[in-house]
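A.B. asks: So the chains spell out like this:
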Amino acid sequence: MTAYVIRRLLWLIPLLWAVATITFVVMHLVPGGPFDSNDKLPPATRELLEEHYNLDKPVYEQYYYYMRDLVLVDIRSEPPFIYPDLGTSFTQDREVTDIISEGFTVSAQLGLSAFIFALVFGLTLGIVSALNQNSPLDYFAAALSSLGVAVPSFVIATVGVLIFAVELGWFDVLGWGGPAWHQMWNPLAWDWRKVVLPVVSLGLLPMAFIARITRASMLEVLREDYVRAARARGLSERVIILRHVVKNSLIPILTVAGPMLAALVTGSFIVERIFAINGIGTPFVDAVFRRDYGVIMGTTIFYASAVVIANLVVDVLYAAVDPRIRYS
Amino acid sequence: MAHARALPLPDLLAGDAGGKRNGVWPDALKRLSRNRPAMIALFTLGAIFVLAALGNYVDVIQRYDPAALNYADGTKTGPSWDHFLGQDHLGRDTWARVLQGTWISLRVGLGVAAIALVVGVLVGGAAALTGSAGDNILMRVTDALYAFPDLLFIILLRAVLDGRDVPGGDVAIIIFTIAFVSWMTVARLVRGQMLSLARSDYVLAARALGASQTRIVFFHMLPNALGPVIVAVTFAIPVAIFAESALAFIGFGVAPPAASLGTLIDEGHRQIIETKWMLIFPGSVLAVLMLCFTFLGDGLRDALDPRSR
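Just so you know, the sequences run in chain order A and B.
Each residue of the first sequence is one higher than the one before, counting from 47 in my numbering.
Each residue of the second sequence is one higher than the one before, counting from 494 in my numbering.
It is worth saying that the hints were derived from the structure and are not from the lab.
Any given hint could turn out to be false.
Stated by the list, open to error - If the Cβ cut is set under 8 Å, some of the chain B residues that face chain A in the computed set are:
id, residue
1, Met532
2, Ala640
3, Leu650
4, Val653
5, Gly776
6, Leu784
Stated by the list, open to error - Listed next, the in silico SDA-like pairs over lysine to any residue satisfying Cα-Cα at most 20 Å (straight line):
id, chain 1, residue 1, chain 2, residue 2
7, B, Lys569, B, Pro749
8, A, Lys240, A, Val212
9, B, Lys769, A, Leu165
10, B, Lys769, A, Gly215
11, B, Lys769, A, Leu214
12, B, Lys569, A, Val205
13, A, Lys293, A, Arg269
14, A, Lys240, A, Phe255
15, A, Lys293, A, Gly215
16, A, Lys240, A, Lys103
17, B, Lys769, A, Ile209
18, B, Lys769, A, Val207
19, B, Lys769, A, Leu208
20, B, Lys569, A, Leu208
21, B, Lys769, A, Val212
22, B, Lys769, A, Phe210
23, B, Lys769, A, Lys103
24, A, Lys293, A, Thr328
25, A, Lys240, A, Leu208
26, A, Lys293, A, Arg277
27, B, Lys769, A, Leu169
28, A, Lys293, A, Leu169
Small disclaimer: the values here were computed from a predicted structure and weren't measured.
C-beta atoms are modelled at their ideal positions from N, C-alpha and C, and glycine is treated no differently.
Turn these sequences into a full structure, and let the hints guide you.
C.D. replies: This is the structure we're talking about:
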């Protein structure tokens with residue numbers, strides 16, 4: 047198991063190299079450079095700027111500098127001490143690492159909250175509808191999850207804003223209400239009026255997805271021989287459901303949970319845009335428009351590592367939960 | 494015989510008594526036609542497809558030029574006999590715009606699914622059949638592309654290809670961009686199927702009977718691997734439509750005055766305080782499309798893989 051994890055972590059290096067290289071090539075294929083849009087720039091200033099950011103060098107040399115900086119990490123005094131050196135943003139003249147960590151604080155809170163929302167409500171819906179198969183409750187849950195699958199997050203968000211913020215005035219819609227990280231566990235630090243709508247619009251699709259999988263998986267486990275054996279042994283229904291059925295039907299959910307968490311944390315662009323949340327989405331889209339190479343590269347590399355690590359964690363958890371799975 | 498005994502007896506008897514043995518596909522078709530939600534979805538999709546196609550090429554159905562600014566009739570109006578779905582903030586006819594948007598969204602969804610199917614089957618099949626070295630290379634490439642954050646890469650690719658002169662124009666560029674991040678799932682699925690089928694008894698039997706490798710791949714393995722692949726491709730259609738509308742929503746859609754459903758929803762979102770119709774119509778069409786493809790995918794899965802029910 048340890049060997050497997052180490053091998054997977056080592057595999058991360060060529061993978062991230064490939065991601066960085068492909069992004070670098072694709073990015074430089076975009077017509078125009080970061081200082082092209084600013085046509086009022088005097089030629090001398092522009093030359094100085096390009097020299098400052100190494101943009102006057104040939105592309106392969108820029109690639110070499112970028113990769114060298116990436117490998118030689120920054121050591122800083124604050125935890126986690128080792129920071130990747132992702133270069134400087136050409137349009138904001140700030141460290142890309144700082145821009146990403148700032149935006150990611152918000153995006154990660156939004157994504158995590160949506161994930162927890164999806165998990166809690168999805169599991170509940172799935173379990174309840176599996177235990178009451180073909181009852182009105184089951185049909186209601188099916189209708190709710192169909193709605194979650196069918197209606198895109200930006201439609202849900204817009205309609206939600208219209209009904210709950212504009213008409214009813216229950217929620218605020220501009221900005222994110224999450225606290226600083228050390229306040230995460232204090233419910234009073236959250237501005238719930240700002241948090242609820244974005245989290246629900248982002249979490250409804252994964253919630254529907256989890257509910258569907260949970261229901262199917264529960265129904266399958268309920269038919270297993272060991273459940274019948276547990277009934278024959280005279281165990282109470284509560285023990286059978288909690289200890290035998292629910293626990294075993296969680297395994298398929300684990301496989302989708304990792305990629306889902308990664309997708310939620312990285313895929314909140316649209317919801318962030320609707321609610322004017324200062325996450326990582328807006329800087330990235332702006333960077334693409336302005337050809338801000340440093341921010342484009344940094345965000346892609348950062349997210350790719352997040353996705354890969356999330357998948358690794360899931361695979362390890364999978365083996366830990368299901369003793370039938372062994373990695374060699 | 495150990496397998497046969499595990500089957501319920503009536504099934505076995507029915508299979509023998511009928512004397513006629515149905516293939517996998519007629520059986521699946523029969524199961525699909527009995528699935529009411531899937532059939533309703535299929536019918537609805539067919540109707541929407543025909544209407545959207547006609548609405549883009551037949552003036553009587555389209556009624557107005559989707560780009561024409563009919564200020565004289567008013568702006569931001571609700572549904573009426575003159576304008577079935579009302580007009581937008583520039584006086585354009587929403588009926589014509591929604592038909593155009595639906596046609597673009599459908600083309601994107603189906604185009605992406607077609608590319609994902611072809612590339613996925615080729616790469617996955619090649620990986621499974623070329624032995625361990627080829628398998629390793631192809632699957633590592635797939636892994637690397639899988640690690641890309643989808644939306645980030647779509648946006649980047651879209652920016653690279655923006656404004657280039659490509660046959661098929663913007664829609665072709667968008668299809669290519671989304672397909673680029675969509676084929677990996679199919680490739681992995683095909684590879685897994687092929688690898689497990691290669692070890693199955695009937696492939697071994699065919700090989701023992703002296704069938705050629707080509708014959709085994711095309712007559713025995715591919716048809717049997719196709720079921721789950723078709724299901725995966727069906728589910729890829731709504732995902733692609735969703736990706737396109739998300740792209741359009743953040744401003745990377747087709748060039749105006751053409752508009753996909755995502756663009757229309759974005760415009761509706763901007764005008765929401767003054768008129769709700771501009772959001773409601775494209776939003777509902779998009780929701781119906783997503784719902785129908787999902788139901789169809791569910792039905793296909795139940796029909797093609799009876800064990801999963």
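A.B. asks: Can the restraint linking lysine 293 of chain A and arginine 269 of chain A be considered satisfied, given a maximum Cα separation of 20 Å?
C.D. replies: Cα-Cα ~14 Å, so holds.
A.B. asks: Assess, step by step, whether the Cα of lysine 293 of chain A is no farther than 20 Å from the Cα of leucine 169 of chain A, and give holds or violated.
C.D. replies: holds, 12 Å
A.B. asks: Under the criterion that the straight-line Cα-Cα distance not exceed 20 Å, is the pair lysine 569 of chain B, leucine 208 of chain A satisfied?
C.D. replies: holds, 17 Å
A.B. asks: Against the 20 Å threshold, does the CA-CA distance of lysine 769 of chain B and valine 207 of chain A hold or violate the hint?
C.D. replies: Answer holds: lysine 769 of chain B to valine 207 of chain A is near 12 Å, not above 20 Å.
A.B. asks: For lysine 569 of chain B and proline 749 of chain B, compute the direct alpha-carbon distance and say whether it is at most 20 Å.
C.D. replies: holds, 19 Å
A.B. asks: Sort out whether leucine 214 of chain A lies within 20 Å of lysine 769 of chain B, counting only the CA atoms.
C.D. replies: holds, 16 Å
A.B. asks: Given the hint that lysine 769 of chain B pairs with leucine 169 of chain A, does the C-alpha gap stay at or below 20 Å?
C.D. replies: Outside the cut-off at roughly 34 Å; violated.
A.B. asks: For the pair supplied as a hint, lysine 240 of chain A and valine 212 of chain A, is the alpha-carbon distance within the 20 Å limit?
C.D. replies: Holds. Lysine 240 of chain A to valine 212 of chain A sits at ~13 Å (cutoff 20 Å).
A.B. asks: Going by Cβ atoms only, is alanine 640 of chain B closer than 8 Å to chain A?
C.D. replies: Hint on alanine 640 of chain B: holds, closest Cβ of chain A at ~5 Å, below 8 Å.
A.B. asks: Against chain A, is leucine 784 of chain B within 8 Å by beta-carbon distance?
C.D. replies: holds, 4 Å
A.B. asks: Holds or violated: lysine 769 of chain B and leucine 208 of chain A, Cα atoms, limit 20 Å.
C.D. replies: Satisfied, since the Cα-Cα distance of roughly 9 Å is no more than 20 Å.
A.B. asks: What's the verdict on lysine 569 of chain B and valine 205 of chain A, does the C-alpha distance respect the 20 Å limit or exceed it?
C.D. replies: holds, 18 Å
Checked against the numbered hints listed earlier, the structure breaks hints 1, 9, 14, 15, 16, 23, 24 and 27; every other hint is satisfied.
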